[in-house]
Amino acid sequence: MAKNRILFINQEIAPYLTSSPNAALGKNIIQAMPQHGFEVRTFMPKFGSVNERRNQLHEVIRLSGVNIVIDDNDHPLIIKVASLQPSRIQVYFIDNDDYFQKLDDDSDAVGSNRTDNDERAIFFARGTMETAKKLSWDPKILQCSGWISALVPIYLKRMYGDELSFKGTKVVYSVLPGKLEAPVDERLFTKLKSDGISSRDLKKFAGLPFDTNLLHRMAIDFSHAVVVDDPDVDPELLEYIKSTGKPFITHEQLENGPEAYAEFYKSL
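The numbers in the sequence shown follow our numbering, run straight up by one, and end at 697.
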């Protein structure tokens, strides 16, 4: 494992999506890390709002073609790549026609109001892990940001934990502003169990509302550390983070921006 590598798994990054502060934050943090001695690679969903021609995305055939089964349905994984300018950091895009095409009734660029966001999060988690495995790029830190990345930690630990690329990798989950506008499908746990995630892993989440905070809690439980970069974080969620005893950093402590992130990563 390389001590100076960070794999960012982001919901949004500018300039690919430009409509939210989370996208600008994603770009700023990612592009600043090489100045702090880190090598960086990045994943994000290829949402339908991403302009492929303007941003010069192209498909990577050798990484595409895996079929990901969710709820007994096959969904082909398509991988596209672009270079984040001016740093030239590689950004890998997870794409699938079933989950990431733009719909007329999407309420925002990421489709926060969709009823299948649980499956979109599953596909994104498995797609990133399958692709990272093929790249054989072993990171010290795996940084997940945004609700669509919230299932990456549990999949990494339970489905990909024996992969050499992730031996010793520390998972950091960032709680960012933004919530789902539709409930999470109540069959989420059934779908996770079909991927080999045990009832024991999911037992503590039984009885919780199927909402954004459920995804946050699941991510927090299977991460090593937490970043709370939401000035309006739910107080109950913040208390939950504190109760885990895991290293965490709050929005107020992140006033120095990328430098505070870099120091937090180095402390893990």
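Hints were generated in silico from the structure; no laboratory data involved. Ideal Cβ positions, reconstructed from N, Cα and C, are used throughout, including at glycine. Keep in mind that the hints are not guaranteed to be accurate.
To be verified - Label pairs and their in silico Cβ distance ranges: (1) 632 x 675: 39 to 45 Å; (2) 638 x 485: 26 to 32 Å; (3) 635 x 530: 32 to 38 Å.
Said to hold, decoys possible - Derived SDA-like pairs: lysine to any residue, alpha-carbon spacing no greater than 20 Å straight-line: (4) 569 x 598; (5) 633 x 616; (6) 608 x 569; (7) 620 x 500; (8) 569 x 688; (9) 586 x 538; (10) 608 x 535; (11) 622 x 432; (12) 432 x 593; (13) 563 x 518; (14) 586 x 499.
- Message: Please verify whether residue 633 and residue 616 have alpha carbons no more than 20 Å apart.
- Response: holds (16 Å)
- Given the hinted pair residue 563 and residue 518, is their alpha-carbon gap at most 20 Å? OK: residue 563 and residue 518 at ~18 Å, within 20 Å.
- Given hint residue 499 paired with residue 586 - CA-CA distance at most 20 Å: holds (19 Å)
- Task: Below or equal to 20 Å on CA atoms is what counts here, so check residue 622 against residue 432.
- Result: Roughly 33 Å separates the two Cα atoms, so the pair is violated.
- Message: Run the distance test for residue 620 versus residue 500: straight-line Cα separation, threshold 20 Å.
- Response: It holds: about 6 Å lies between the C-alpha atoms, which stays within 20 Å.
- Decide if the proposed pair is consistent with the structure: residue 608 and residue 569, CA atoms, cutoff 20 Å inclusive. Given that 20 Å is the threshold and the Cα spacing comes to 29 Å, the pair is violated.
- Message: Tell me if the straight-line CA distance from residue 608 to residue 535 falls inside 20 Å.
- Response: holds (14 Å)
- Item | Satisfaction of the hinted span 32 to 38 Å by the C-beta atoms belonging to residue 635 and residue 530 | Since the Cβ atoms of residue 635 and residue 530 sit about 33 Å apart, the hinted range of 32 to 38 Å holds.
- Message: Against the 20 Å threshold, does the CA-CA distance of residue 569 and residue 598 hold or violate the hint?
- Response: holds (5 Å)
- CA of residue 586 to CA of residue 538, is that 20 Å or under? violated (30 Å)
- Holds or violated: 26 to 32 Å for the Cβ distance of residue 638 and residue 485? violated (41 Å)
- Item | Restraint check for residue 569 with residue 688, where alpha carbons must lie at most 20 Å apart | holds (18 Å)
Violated hints, listed in ascending order, are 1, 2, 6, 9, 11; each of the other numbered hints is respected by the structure.
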